[in-house]
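Student: Each chain, written out:
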Amino acid sequence: MEDYDVRSAASILASVKEQEERFEQLTRALEEERRHVTLQLERSAAPPNPPGSQPPAWQQVAMQEQSPSNATSLAMMQEPQEVVEETVTIEEDPGTPTSHVSVVTSDDGTTRRTETKVTKMVKTVTTRTVRQVPLGPDGLPLPEGSSPLGSYTDSIDRRYVKNGGDRFITPQATSTLTRSYNNSYNDSYGEAPESQYVRHYGLHDGYVDLSDSYGSLSRGVNFRPPRYPYLPNSYRPENSYTLPIRKDDYGHVAQPQVPMGISAADLNRSQPERFQAEPYGLEDDRRSLGPEEEEPYELEPDYSTASRRTLQGANRGRTHREPLRDVPRVRGYPDEAIEAELIDERHPYIHGMYSAPLAQPERGSMASLDRMGGRRSPSIDSIRKDPRWRDPDLPEVIAMLGHPIDPVKSNAAAYLQHLCYENDKIKKDVRQLKGIPVLVGLLDHPKSEVHRKACGALRNISYGKDNDNKVAIKVCDGIPALVRLLRKTNDMEVRELITGTLWNLSSYEPLKMVIINHGLQTLTNEVIIPHSGWEHEPNEDSKPRDAEWTTVFKNTSGCLRNVSSDGAEARRRLRECEGLVDALLHALQSAVGKKDMDNKSVENCVCIMRNLSYHVHKEVPGAERFTDPSALHAPGSAGPQRKKKDDAGCFGGKKAKGRKNGENDKNYDTLDLPKRSEPSKGFELLYQPEVVRLYLSLLTESQNYNTLEAAAGALQNLSAGQWTWSNYIRATVRKEKGLPILVELLRSDSDKVVRAVSIALRNLSIDRRNKDLIGSYAMRDLVSNLPSGQQRPAKNLEEDTVVAILNTIHEIVTDSSENARSLAQAQAIEKLVAINRTSQSARETKAASHVLQTVWSYKELRNALTKDGWNKSHFQTTMATTPKATKNGKPGYDDTTLPLMEKNQDGYSTIDQRDKDCKYKTADGPVDQTEREPLKNDTNRKHYIRTNRPAVSLVDACDVKPQPVDSWV
Amino acid sequence: MSNYIPGQPLTAVVERIEILKLRQGDNLILGFSIGGGIDQDPGQNPFTNDKTDKGIYVTRITEKGPAEVAGLREGDKIMQVNGWDMTMVTHDQARKRLTKKNQDVVRLLVTRRSLEEAVKHSMGPCLKP
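Chains as they are written, first to last, in the numbering used here: chain D, 1 to 969; chain C, 970 to 1098.
In case anyone wonders, no lab produced these hints; they're calculated from the structure.
Heads up, none of these hints are tricks.
With a straight-line cut-off of 25 Å between C-alpha atoms, the simulated SDA-like cross-links for lysine to any residue are:
1. C:K1070 to D:Q703
2. D:K434 to D:H518
3. C:K1065 to D:S967
4. D:K488 to D:P404
5. C:K1070 to D:E744
6. D:K595 to C:T1068
7. D:K594 to C:D1054
8. C:K1070 to D:R747
9. C:K1069 to C:E984
10. C:K1065 to C:P1011
11. D:K594 to C:D1061
Since the model is a prediction, treat every value here as computed from it, not as a measurement.
With the rest of the complex left out, here is chain D:
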């Protein structure tokens, strides 16, 4: 310890001396410059600002004038005192320079919300100041340009000059800004904000100087000017000198981390939204995100501290606080903890900064500093009585997006991102103020800082229920711009932002096709394929790669999941998108191989697969070639035709059960699968019997209800329809021992899963052998899911699920008196009668009555039934529904429930209905998931879903969240 202290003390001493030397130099230079400036000032006294002698200053001034925010600045100018603004400006310096360096900027912007805010605010202030400058009476800008020492020096001089001009004013301004310095110096101890500051910094005793500069980079600048006149030389030089350097150093050091930090921060930021949106996704997400989340914490301290401090120290009280609050809320960590971490983290940085203050490469960036400084200096003129400067209002921020200086743009965008976080009102305001086209325009900006921040803002804006925001992005061609940027950038963080934005956009129905048109192939080629590990032409030597569950992949798959529910055309496009199905399948195979099946990416992939499997038998090119020969004779249009086919199958089976079974088996064993000279690829993979094993693995292993539901839904879709492949699929499920797996899932706590499995079983029972097996082994589990009268089982399944189960039971007992017998033996009659008599739901009543009628139709069972105390009246329908009537109802798909019942009634397979159902699921489910809503909305959504609609859509929210599950053990 002691050694360490001595050493550090020695090094500090050495560096102090070194600094002092430099300061002296600087001071001399300053003196010189001051003289220079004074001269110039005198010269330019009459004309407001621009001195011809200093080109740099000139340019700056001009730029300022051009800036769109002129109007604002004018207004501000009218206010005589803008001292506060000065301070702000000073603060800006630190921020701006950093941004130039790009290191700092990225930190700030990328940092958590809080940080972002800080940076933004600071920057914003700066901008204003700049504007004011041209207007202001002083010719301050001029002096800046002329500084001989260099940009670095220049900025100092300017301030100095300003101070000199406004000496009296300056002290005020300084007080706010200087807090950090106050600690070391005596100036403003009384200020509360500062005191906080001090505390933090006080921790590192040996490094007091550094910490000051570090924390209050901007302040340092401000600080100095006031002091200059009053304090001894030695102090001034130090301050001015060290501060800038430290900043740079800091930024520099932080730089490597910045990207990570940023991404982490973004993740956090975005995640809250997403997480909230998907209440139940939490578990999965957490797992996948876990590591990432940790990173932010570590990283945060470094740069976040800086920004936070600045905030605190600065006048930002309001803004600052807000962000902080957000952070803890999101992560659930108390502020104190974060603070503590931050402090701890700071040390290393300080060290780094200390060691080589001047040697940093960032020096080059100094030039930018100067520029900024020049602008700011004009602001000195305007002095505000109120020591606090105000935040920029929304129009100002949006105007700043068009500011000629890139860091201002990026900071404004970052600030917007922060403002828009879960604030629908601001999003709307941004839209109405025409901010969205500007942000979209910035996507094509060459500087990564700018397009990154713009993208971040767009992501937050695109999130939420207000679809007008999404439309606004689309209207100004935001979607192609995002896709373009995705092709261009290799920056992971930017890619995450882009894909996150697209995911948000994809939740709005009308935009789905637009995304497909502009982005499908790019998303597939740039993200899905590379991250899935699939290779077009696998190198024989290389091992097959595993999928990487990156955030980019998760976002992209979520986006595609949403767009895949947009109907037949969307499905066709996705199926035919080169490499997409192959890559998704590969990713899922790799998930199964690694037993990593609970994450969100897997869920998204399975959902896409399920959606693409919907109606394959009708929509896939060449599907007609595989149409089940037994149905060929069926006349009429597609709908009737299918019914006929089903009819034939079902009744045929009934009449000649044994023969039918034999036929089926034979079919599967000997019936030639279409011959292939080469392995199947693309959409063909969707319905190859090989996928059955994949889905069954998922059904066995995954803990994610959504994944389970989607996998069951995929089997349901594939086993629907009358074509060769569905025959194979049905038989393959049996041969792969999939029926017990499905039956087991009937016991799931998840309503959705039970429903999907139940419908899948119904489709599978089109296969006669399956029907017998399901009748023997699944009946009890099916029946146990039925409510008994008014009493619902613990699971409290939704109406849709109950109806689905009833329909499945109906399908199973149709044409099979054996199955009807086992139904009766499973104590189902009592439940069915109760439902038929007392259920509040007309659909349940109807479905139950269909089953009862079918059971009663087996004369051989009546004896046993009568013995159990039942009579014909129990099996008679209580409603006046005739099969034919129901049949007519079929065309209208509006009512999801009707089709199922009616078809059953007619003895048709439920395929169509199923499909319909399926479609609902796919479409709605994904959408809901995609849209991340705040947690609070969760309940609402649930209600919404429950009230009706495709109850299916609830997918995520429903299952996980619903009521607290209570399991007896």
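We have chain D; now place chain C onto it with these hints.
Tutor: Quick look at chain C alone, frame taken from chain D:
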């Protein structure tokens, strides 16, 4: 739990409970029900004030059932089952862990508020009667 400070070591007062499962037909039962889990909404958990606590809680107990006999009580938070952590598991994972068919005995590590309070009292400034 609610005053847990991140970064600080967490101390919980736990009780070991061993439950002998009861055979009921084909089933082995423990005689209690659980709620919670990381996939559940902790806001609906009536047994804790900490609305971020996604642990597994005992929600109901069968009278004179094996769990009650063993000393388990409603509102107990299950920390471990046979050594497996139960504080970061889904509801279903917890259920499966408790219902292993090949285990006749389940060893639980539980914590309950009354326990914590008792310890707090005993450690605080002693008020001796």
